[in-house]
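Build out the structure end to end from the sequences listed, making use of the hints.
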Amino acid sequence: MKVAKRTFDAVIVGAGGAGLRAALQLSEAGLKTAVLTKVFPTRSHTVAAQGGVAASLGNSTEDNWHWHMYDTVKGSDWLGDQDAIEFMVKKANEVVVELEHYGMPFDRTDNGKIYQRPFGGHSQNYGQTPVSRSCAAADRTGHAMLHALYQRNVRANTQFFVEWMAMDLIRNADGDVLGVTAMEMETGEVSIFHAKATIFATGGSGRIYYSSTNAFINTGDGVGMAARAGIPLEDMEFWQFHPTGVAGAGVLITEGVRGEGGILRNASGERFMERYAPNLKDLASRDVVSRSMVTEINEGRGCGTDKDHVLLDITHLSPETINKRLPGIREISIQFAGVDPIKAPIPVVPTCHYQMGGIPTNYKGQVVVPKDGNPNVPVAGFYAAGECACASVHGANRLGTNSLLDLLVFGKAAGETVVSDFQSGQLTLKPLPENAADVSLARIARLESQTNGEEVHEVRLAMQRTMQKHAGVFRFADMLKEGVTKILEVAERAKHTQIKDKSKVWNTARTEALELDNLIEVAKATMVSAEARKESRGAHVRDDAIDCAETPNGRDDKNWLKHTLWYSEGNRLDYKPVTLQPMSADVEPIALAKRTY
Amino acid sequence: MSSKRTVQFKIYRYDPDKDAAPYMQDISVELEESDKKLLDALVRLKAKDDSLSFRRSCREGVCGSDAMNINGKNGLACLTSMDDIAQPITLRPLPGLPVIRDVIVDMTQFFKQYHSIKPYLINNEPAPERERLQSPEDRDELNGLYECILCACCSTSCPSFWWNPDKFVGPAGLLAAYRFLADTRDQATSERLDNLEDPYRLFRCHSIMNCVDVCPKHLNPTKAIGKIKDMMVRRAV
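So the sequence lines, in the order shown, correspond to chains A and B. For the first sequence, my numbering begins at 1 and goes up steadily by one. For the second sequence, my numbering begins at 1 and goes up steadily by one.
Please keep in mind that the hints were generated in silico from the structure rather than gathered at the bench. Any given hint could be a false lead.
[As the list claims (entries may be wrong)] SDA-like mimics (lysine to any residue), calculated; alpha carbons at most 20 angstroms apart, straight line:
1. 91/A <-> 16/B
2. 5/A <-> 113/A
3. 227/B <-> 186/B
4. 167/B <-> 235/B
5. 364/A <-> 317/A
6. 113/A <-> 185/B
7. 10/B <-> 21/B
8. 32/A <-> 428/A
9. 502/A <-> 51/B
10. 502/A <-> 15/B
11. 504/A <-> 16/B
12. 90/A <-> 128/B
13. 113/A <-> 143/B
14. 469/A <-> 17/B
15. 229/B <-> 193/B
Shown next as structure tokens:
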């Protein structure tokens with residue numbers, strides 16, 4: 001098969017928030033850039049973010065980046081790298097104000113500034129009282145942001161390859177990254193995108209779980225591609241279960257609802273979060289709220305005939321507030337829960353939402369791997385940002401509104417790093433290996449000829465059920481062990497999937513089969529990493545970790561204050577230290593402490 | 001309602017790789033209790049026939065991927081309830097755009113028109129250090145405009161767009177044009193109006209209001225177009 005080759009200074013995979021923010025940097029600097037995206041840019045999942053983006057602008061309540069840094073480190077259960085966290089919170093005001101200048105329609109305060117609302121885990125004065133830090137456009141912040149970023153890219157003449165699916169990462173014998181292979185969905189043709197720099201901004205992989213707030217497209221494509229190409233995946237055991245997915249449907253209800261005054265109630269109407277988090281209550285960190293909800297349900301205080309959910313109540317808010325600040329939520333509740341939240345509370349359950357781990361990077365957006373005893377050596381030509389990457393700013397648990405901030409800050413940083421590496425002449429076009437497209441062509445040829453295999457949706461469902469059952473909100477040692485065996489079995493089955501559709505044109509059966517390969521890498525990484533981490537930290541909580549003075553909340557800093565690295569080849573684990581030292585010498589590290597809200 | 005039910009479909013099918021011409025396929029599928037929306041039913045159908053092709057992503061009405069013609073009216077599959085839908089459910093691609101395969105259309109012309117109105121804020125003053133100020137009242141002017149998801153339900157239900165997709169901007173593009181005209185931070189008002197001053201680009205709208213009728217986000221492009229026309233008149237006198 002003849003494979004066309006295209007050459008660029010840089011190729012960006014993914015056109016959500018991180019990809020578009022990086023693209024802007026490159027386009028405005030005049031680099032010849034290709035942005036590959038399997039959906040039209042404004043269909044990317046950033047569009048579904050609701051509640052806001054964090055920045056310590058202090059427009060409504062006093063705020064500063066020191067408090068934001070403290071909240072983020074504490075939220076991460078001290079697994080976040082403090083250099084990257086310092087970098088992110090210090091850049092927050094700049095990237096949010098830039099968006100406003102791009103035209104993003106933020107809500108406004110009476111004096112015309114960007115409107116800010118309280119959000120979970122964000123506080124004034126190192127954990128004391130809730131702070132209004134979330135910059136919001138009603139409850140459609142992600143939509144407003146993604147469209148503003150796309151619009152700015154239209155202005156910058158960014159070159160998009162829309163409905164092209166990236167397939168495999170191309171590396172040479174030295175491990176340098178030389179670009180990707182990609183398939184044009186309309187024709188089924190595979191091309192090589194040869195570039196001096198490759199930026200992955202492919203988003204998360206929440207579709208490994210059965211119940212997820214994530215879009216169908218969130219199949220971990222970049223994460224899977226990186227893993228298959230020998231890049232380790234960092235901290236994949238840490239998955240955020242958002243407290244408020246619509247029961248049954250999984251659709252997201254923003255934490256901004258609680259930011260505006262919403263209250264979680266159990267079957268007897270009790271505001272149960274007062275018991276679990278006396279200080280921040282319903283606005284405690286997401287992992288804490290999700291576990292409290294599951295505990296209520298497990299102990300028989302759930303709502304509904306099956307006592308399988310709790311209620312999110314905003315009936316005490318005025319209809320004006322709901323219609324002004326939470327109009328999208330009202331629509332979603334009516335559409336997917338069948339209730340108008342002005343009149344009745346919304347049934348909610350914790351639902352898989354966000355991947356804290358991913359492709360390991362530093363705060364410049366460079367992908368880093370262990371080499372010759374150094375745990376963080378940049379891979380030449382390879383960068384990543386957004387949910388697919390692990391900088392790591394979220395550690396073991398992400399704070400709400402820090403994801404939109406992450407994709408802005410690190411999308412921009414990755415773009416800036418590429419531009420400066422390009423301008424200093426460090427980036428060169430290295431020769432392609434002769435077999436650069438062979439892996440991708442072989443994957444397509446297998447699907448073309450496979451007979452007697454299982455259907456893609458059957459294997460995908462088996463994976464999703466396994467993840468849901470064995471690696472959920474609460475984790476159990478024996479279930480994790482069994483989960484590893486099961487997910488490896490599912491991974492074997494995925495090698496023999498069969499599709500009936502053999503058309504070259506817009507073959508979505510083939511796309512879904514290719515996506516499954518990516519999902520499987522993520523699922524294996526998650527289960528294996530989770531089984532191995534013998535402590536509770538952030539979103540990873542297991543039954544055999546004991547809460548005592550030595551190990552507060554089951555967190556074992558002596559043995560487990562370290563990042564996991566999972567290698568696909570050999571299904572192997574490695575670890576690297578957490579960066580506890582902030583970026584600047586004059587910034588005090590946030591000292592380890594027991595996490596309470 | 002029983003937990004399982006069988007639903008009848010009539011679906012426009014066309015695969016240029018093997019079909020000489022498009023045809024309507026009669027097909028049924030058994031739904032599970034959890035299949036509440038048309039998109040759920042389509043995913044269920046695809047498990048039965050993996051060659052059925054459609055776009056989808058967020059499944060909650062915010063990404064705009066799964067627009068199609070449903071029982072004769074444009075809408076999003078993910079926001080269409082299976083409870084109150086007439087059978088057989090007839091699905092066709094959005095009208096007026098070239099079909100690539102099944103209900104997947106080529107949206108090039110639609111996006112070309114969107115891009116033609118310069119869908120980005122134009123303000124050539126040096127950017128201040130902090131945000132540009134905007135009063136809550138001025139910000140409210142953008143409500144009902146910025147929420148567009150570019151699904152193309154409106155433009156592909158508009159007869160004026162069917163006849164002149166290359167010349168008439170269409171409701172989605174014009175809604176976006178007014179979104180920037182209405183933004184107190186934008187400085188390109190006369191440039192934007194010049195860009196629409198032509199017998200076709202704006203004035204082919206005859207207020208048929210199909211766009212308002214089908215918009216899954218309950219937006220009102222006709223009203224926005226009326227406001228642009230007002231601005232044109234006001235600057236002429």
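Hint numbers not upheld by this structure, sorted from lowest to highest = Hints 1, 2, 4, 5 and 14 not satisfied by this model.
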